[in-house]
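Protein chains: 4
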Amino acid sequence: MIIVFKPDATEQHIDHVADRLRELGLKSQLSRGESRTILGVIGDERLLEHQPLSVFPGVESVTPILAPWKLAGREFQPYDTVITVDGIPIGGPRVIVMAGPCAVEKREVTAGIAHEVKAAGAAILRGGAYKPRTSPYSFQGLGREGLDFLAEAKKQTGLPVVSEILDPRDTDVFLEKADIIQIGARNMQNFELLKEVGAYDKPVLLKRGLSATIKEWLLSAEYIMSRGNRHVMLCERGIRTFETQYRNVLDLSAVPTLKALSHLPVIVDPSHATGQWRLVAPMAKAAVAAGADGLLIEVHSNPECALCDGEESIKPHRFAALMEDLKNVAQAVGRTL
Amino acid sequence: MIIVFKPDATEQHIDHVADRLRELGLKSQLSRGESRTILGVIGDERLLEHQPLSVFPGVESVTPILAPWKLAGREFQPYDTVITVDGIPIGGPRVIVMAGPCAVEKREVTAGIAHEVKAAGAAILRGGAYKPRTSPYSFQGLGREGLDFLAEAKKQTGLPVVSEILDPRDTDVFLEKADIIQIGARNMQNFELLKEVGAYDKPVLLKRGLSATIKEWLLSAEYIMSRGNRHVMLCERGIRTFETQYRNVLDLSAVPTLKALSHLPVIVDPSHATGQWRLVAPMAKAAVAAGADGLLIEVHSNPECALCDGEESIKPHRFAALMEDLKNVAQAVGRTL
Amino acid sequence: MIIVFKPDATEQHIDHVADRLRELGLKSQLSRGESRTILGVIGDERLLEHQPLSVFPGVESVTPILAPWKLAGREFQPYDTVITVDGIPIGGPRVIVMAGPCAVEKREVTAGIAHEVKAAGAAILRGGAYKPRTSPYSFQGLGREGLDFLAEAKKQTGLPVVSEILDPRDTDVFLEKADIIQIGARNMQNFELLKEVGAYDKPVLLKRGLSATIKEWLLSAEYIMSRGNRHVMLCERGIRTFETQYRNVLDLSAVPTLKALSHLPVIVDPSHATGQWRLVAPMAKAAVAAGADGLLIEVHSNPECALCDGEESIKPHRFAALMEDLKNVAQAVGRTL
Amino acid sequence: MIIVFKPDATEQHIDHVADRLRELGLKSQLSRGESRTILGVIGDERLLEHQPLSVFPGVESVTPILAPWKLAGREFQPYDTVITVDGIPIGGPRVIVMAGPCAVEKREVTAGIAHEVKAAGAAILRGGAYKPRTSPYSFQGLGREGLDFLAEAKKQTGLPVVSEILDPRDTDVFLEKADIIQIGARNMQNFELLKEVGAYDKPVLLKRGLSATIKEWLLSAEYIMSRGNRHVMLCERGIRTFETQYRNVLDLSAVPTLKALSHLPVIVDPSHATGQWRLVAPMAKAAVAAGADGLLIEVHSNPECALCDGEESIKPHRFAALMEDLKNVAQAVGRTL
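Protein sequence lines correspond, in order, to chains A, B, C and D.
Each residue of the first sequence is one higher than the one before, starting from 2 at the first, in this note's numbering.
Each residue of the second sequence is one higher than the one before, starting from 2 at the first, in this note's numbering.
Each residue of the third sequence is one higher than the one before, starting from 2 at the first, in this note's numbering.
Each residue of the fourth sequence is one higher than the one before, starting from 2 at the first, in this note's numbering.
No lab work stands behind these hints: they were computed from the structure.
Nothing here was measured: the structure is a model prediction, and the numbers come from that model.
Every residue, glycine too, gets a C-beta built ideally from N, C-alpha and C.
You may find that some hints are simply not true.
[To be verified] With a straight-line Cα cutoff of 30 Å, these simulated DSBU-like cross-link-like pairs (lysine-lysine) come out:
no.	chain 1	residue 1	chain 2	residue 2
1	A	Lys216	B	Lys216
2	D	Lys178	D	Lys107
3	A	Lys7	C	Lys71
4	C	Lys178	D	Lys196
5	D	Lys7	B	Lys7
6	C	Lys7	D	Lys328
7	A	Lys178	B	Lys196
8	A	Lys107	A	Lys71
9	D	Lys7	C	Lys316
10	B	Lys328	C	Lys328
11	C	Lys28	D	Lys107
12	A	Lys216	C	Lys7
13	B	Lys196	B	Lys216
14	D	Lys178	D	Lys196
15	A	Lys203	B	Lys196
16	B	Lys216	B	Lys7
17	B	Lys203	B	Lys156
18	C	Lys196	D	Lys107
19	A	Lys7	C	Lys28
20	D	Lys328	A	Lys328
21	B	Lys71	D	Lys316
22	C	Lys203	A	Lys71
23	D	Lys196	C	Lys203
24	B	Lys71	B	Lys196
25	B	Lys28	D	Lys178
26	C	Lys155	C	Lys316
27	A	Lys71	A	Lys28
28	B	Lys178	B	Lys119
29	D	Lys216	C	Lys216
[Unchecked claim] Taking CB as the label site, the calculated pair distances span:
no.	chain 1	residue 1	chain 2	residue 2	range
30	C	Glu153	D	Arg108	48 to 58 Å
31	A	Thr64	B	Phe140	19 to 29 Å
32	A	His318	B	Asp81	29 to 39 Å
33	A	Thr64	C	Phe77	21 to 31 Å
34	B	Lys28	D	Glu76	26 to 36 Å
35	D	Glu76	A	Tyr80	49 to 59 Å
36	D	Cys306	C	Glu12	20 to 30 Å
37	B	Ala152	A	Glu12	40 to 50 Å
38	A	Tyr80	C	Glu50	49 to 59 Å
39	B	Lys28	D	Lys71	29 to 39 Å
40	D	Lys71	B	Val83	45 to 55 Å
Assemble the whole structure, with the sequences as input and the hints as a guide.
Have a look at this one:
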C-alpha cells in the first residue's frame, strides 16, 4: 500500500497515519520526494481492508500494491487448476465444449439435443432449469422438473450436466442432479449464493457479471474458494458497453489476462455475449485462438420455437460444422478439442 | 411490435410470420415501403415475450412499441404513488432524507448517530446490518445483531429504519425489524429476492444496478409489484462508466425520466454514487434540484474508524449544515424538506 | 512515480531500473516489503513521459503520483480563474447563461432568438455556424455566413458570441467574429486544433469528449494553456454510457471535482447532454446546485423546424420561466444569475 | 421510419405529422393498434434527416428503419471491396499484416525494423510521423522528417507505408509519401479531415473512435466515400469500457458484424487495443480466427527505449514467431497469410 500525502500535509498528519499503521501491526517507510511525501506500507496490506486511510487528514491518495485475492491467484498456485468432471479434465490441453439449449423445455427435446451435441463432439450438456429473466412476464424455466429432464438426458448420453442456480434454497437439488453448478452473470456478486456453493465440493462455473471488472470477478471466485471449494472455473460472457449492435461485447482480452493472473480454467460463452446466432461461430473460433479452455454454446433444434434466447441458438447441423472448424483452430494453437 | 423484413424477403417469409402471429391471437397490418416491407402487430405484444421473431427467415429487425412494464408505468397509474412509513409520506411534496452509517457497528455508535441525524432533520435512519462486500475478507456486517441495534435506535429516536436484505432466507427478521427493506444494487436482478419481498406488504427501496438501464430497473420493480407489493421506491446510486475519478457516475437525468415514465417515488444516494465525502453535499443539492423525492446519505461520527465506506461518510456537523442548504434548494424548486 | 517489482525480480532487474532513472537525472528510494520491493522516484516524474518503465524486466506495475497537468491545476494556481468577455466575468460568483440556437439558420431567426434570450437574462449568445454532424447527409451549417448572422445579432443585442470551430484553417474568421471559440466534444483531442487556438489570446470553451476522462480533459486544456492561452473554460456535456434512455449521461460529479482539481471555470450544457428538451430544465437547475459557473442552453423559437437538434431545444417562453427558477436555485447555493 | 403516437394523441396531432411528411414528398400509412397508433413512412427516409419529428405534439417515439449509410453498405455493393496497394490486395483471401514502430524515431532504427518485419512476412510498414498524444509534454513525433524516414525504409524494403495524418493542412505531404493514410481513433469524427482525405484517390485506414458505435463508424466511412474516395478500410482498435486491466477492450464481434453490414475490408490492431505486449499475440490470433482481413501490429527492436507506446510493442523475434502461428490460424479458417 502506498500512501501519498498532499503538498500541504503536516508532520502531524504523517505521524497520525504512521501511528495508525503501527497499531494495526504494520511497518511503514517514508520517502520524501520533491513534490510529495510517500509512505510505503510494509507487511500484509490486507490488514488495511477495514481501514479507510484516504479520509485521514493530509492524505491525497492510497494505492494498493498487492492483488486483493489470494487463493485464486497464480502467485498462490503457479500451476494450472484442472477440474475433472466425470473423468473430463477442464483446464488441460483439451478444449471442452459445453452445449445445449438455453432453457430446458420438454423431456424429448432436451434428450434429442443432448444426443445431437454429443454426436458432434460436445463433452458436457448445458441447459437452464431455473431462468433469470429481465421481465417477470417471460418464461421462468421449468425448475426442478427441468433438472430431471437434464438428468435423464445424461442417463441416455453420458454427458455430465451444467445448470444455473438462482436461489441458495435450491442447493440440495443441484448437488444431486447437476455436475457443475453455474452462477450466472446477474448473481456474480450475490455473495450469499457464492458462500453457499463454496461450502460444497461441487465444481462451479462462475460467469462474469455484466459490468464486473476482472478484479471483482476474481474476488467472487475468492468468495467460493475461501469457503473451501477450489473447483471454480471462470466464464467470460460479454460485458456491457455503449455499443447496441450486439447484446454485449465479448471481452476476449480477459482470457489471456485471467490465465496470467489466475490458475483457474477459463470458459467463453459466445452465445450470450453476442445474442446473435450468426456471431456464435466466429466468436467461438476467436475464443479458442485466444486461449480459452472451453466454450459454452447454445444449440436448439428449433430456435423459432425456443422459449428463451432463440435468437442466439444455433441448429445442430451448424453446431456440428462449427465443431469441425474448432478442431482446426484448436490444433493451430497447440490444443485439442 | 414492428417487424421489418429484409429487402430480399419473399412472400412466403412474410406469410410465415403473419401465420405465427395469428396463431398467437394477434392481428397484423402490412405496409410495403419503397425499400422495406413492414408488419405492424396489433394487439397485446406481451404475447410475443416467448416468441423469438427475429430468427424467422427474412426478418431484418423487430422493434417493440410498448414499454415492457405495466404496473410500474405512468400509463397504468397516472398519479404519483405516495408510500407512508410510520406516518412519513415518501413521494409527496416533502423531500425525505434517510441518513445514518453505512454499516451498523456498535450499539451506542448507532444510537448516537441516529440522535444526531434526527436533530439535523433526517426523517429515516439508514444502516447496513448485512453488508455485500466485494472482497470476502472485508467486514461482512453484524447481521441480525445489527438489525437489533437499529431497532433500538428507532426506539430511542422514533426514526423508522431502512436496511438492506441479501438473502431470501432472512425475510422474516426484516419484516419484523425494518420499516423499509432495501434491495441493493448488486441484487437488483436477484429475481428470487425480488419475488420474495414482492410477497409482502412492506415498503421496498430498490436500488439501481451498477449497470442497469432504466428499462431493466423498472422491470425489476415490476417483479416486486407483480407479486402484489406496490410499495416500491426507486433509488439512483450511480452507474458504472469509464471514469475513474469517482466511484460511479451519479445519473441525475434518471430522476426526471423516472418521474415521467413511472409513478413511483425516486430517491438518490449521493454517498455510494460518488464514494467521496467531499462530493456528497454538491450532489445532494443537485439531486433535490433535479426533482428527487428523497436522499440516502451516509453519516458517521468517526469516518476514520468506520468499518465500511468511511471515505464517503460525512460527519454529523457537516450533515447538519447540508440539511440547511438542502432546505433552501428544496424551496427554490417548490418543495419542502 | 512508484515502481513495484514482481516477487521474482532479481537485484539486477532492480539495478537496471535504478540506473535508467539515474541517467534521466532522477533519484530513487528503495523499500523492501514482505511481498514486494518498491522503488519510489524522487524528482520531476514528467521526465519519465518518454520512458516506458513497465517493459523493464522484473517490473510489475508503475503508478504515477503527480497529476500529469501543470498549468490547469489548482496546485499551480490556487485561486479561481475569472475570464472576462466583453465585461462579463465567467468563473466568479455570478452564474453565466449562454443561450441560442443549436445551428444558425437564418438572419432574422438568429437575431430574434438573441433578443428573446437577452430579455430573459442570458449573458452570451450561442450558435453553431460550422456543425459537426454524424452523417454526411445532415445539415452541415452555414459556415462563414452563420458567423456573420451571429455578429449581426451581437450588434443588435450586445450579447457576445460563442461558436464552434472545426478546422484550424478557419481560425482567422473566428478570431474576428466570435468572442469565445468553442472546441466541441468530438474535437477535444484534435490536438492540432488545440495548439492552434492555444496560440491566441481568445477565450476558449473546451467541451468534454464523449468518453473523455477528467484527466484527459484537463490535459487537453493543458495543450491550449501550454501554448500561451490561459483563457480556457471547461464544459461538461454528458458522457457516453450503456444507457439509451437519453443521448448521454450528464456527469455533474465532474463539476465539484473539476473545481477541486483545477482553477478554470466550469460550464454545463444540459441540452446536448440529454438530447431531450424536457430534461433541460431539471438538469440546468441541478447543474447550478452542483456548483457550475455557467450554462449552455439551446433555445429555438420553432423547434419543429430546427435544422439541427430540434429535439433538445426549448422555446423562448420556457427558457424565460427556467431563468426565473435558476435565479432561485443560484440564490439557494449562494450565487447570483 | 416508424412514428408511434402517445395514447392521448389527437387526430389533429396525427394529421399534423402526416401533413409535414406530405410536404417533404413522403407517403405514410396509418396503423391503429389496440394501445398505440403508428404511422409508417413510405419513401426515402433520408429526406427526414433535417426534420425533428419527435418534437411534434402527440409523438411518443420515432424509429428509423433503414441504415443511415449508403455507399458503405452491403446493400449498395454486395461483393467485397478489395483495395490494392502496390499490388497487395487488402480485403481478399490473404490476411495482410502491417507492422512497424508506433512512432518513427531514427532513420536507421526505422529501416532496421522494416527489414525485420519484412523478413517475417509483413506486407506493409506502419509508423507514426505525427503522433496524437494525450499530454502536450509527450513526444509529438518527427513530423515531415518521419515521413521521409518511412519513405526511405520503403525504398530499401519495397514495403508500402501506412502513417497517420492529424491536420488537413498536411494532406499534400501524405499524398506524396504515404501509401495508405491513417485516420486515428481520436479523429474518426474530425469531419473536416474526413472530407479532406475523401477528395483524393488514396487508400484510407479509418480507425474506430474510442467510444464510437459501429453505426457512427460506418457514417464516418460514408463521409470519405461520399466525397469520392471509395478506398476505405476499417480498423478495430479497442473501445473504452469500465475495465482498467487493459487499455481498451478489443471488440472482435465488430469483425463479423462489419463484414455483414459493409463490403469494406476490416483490419484489427491488437497493440493499441490492449496496450500490453503480452496480449498482442493471443489477440492477433483471435482476430484472424474471427475473420479479420488484416492486422496492424507494433514492433520495436528496443521497446525499453521506444519514445511512444513501448509497453505494447513486441520485439522482432517475437513478431516472427507470431507470424508462424498466424499462418496456422489463417489456414484453419480458410485464409492465407
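Hint numbers contradicted by this structure: 6, 8, 21, 22, 25, 32 and 38
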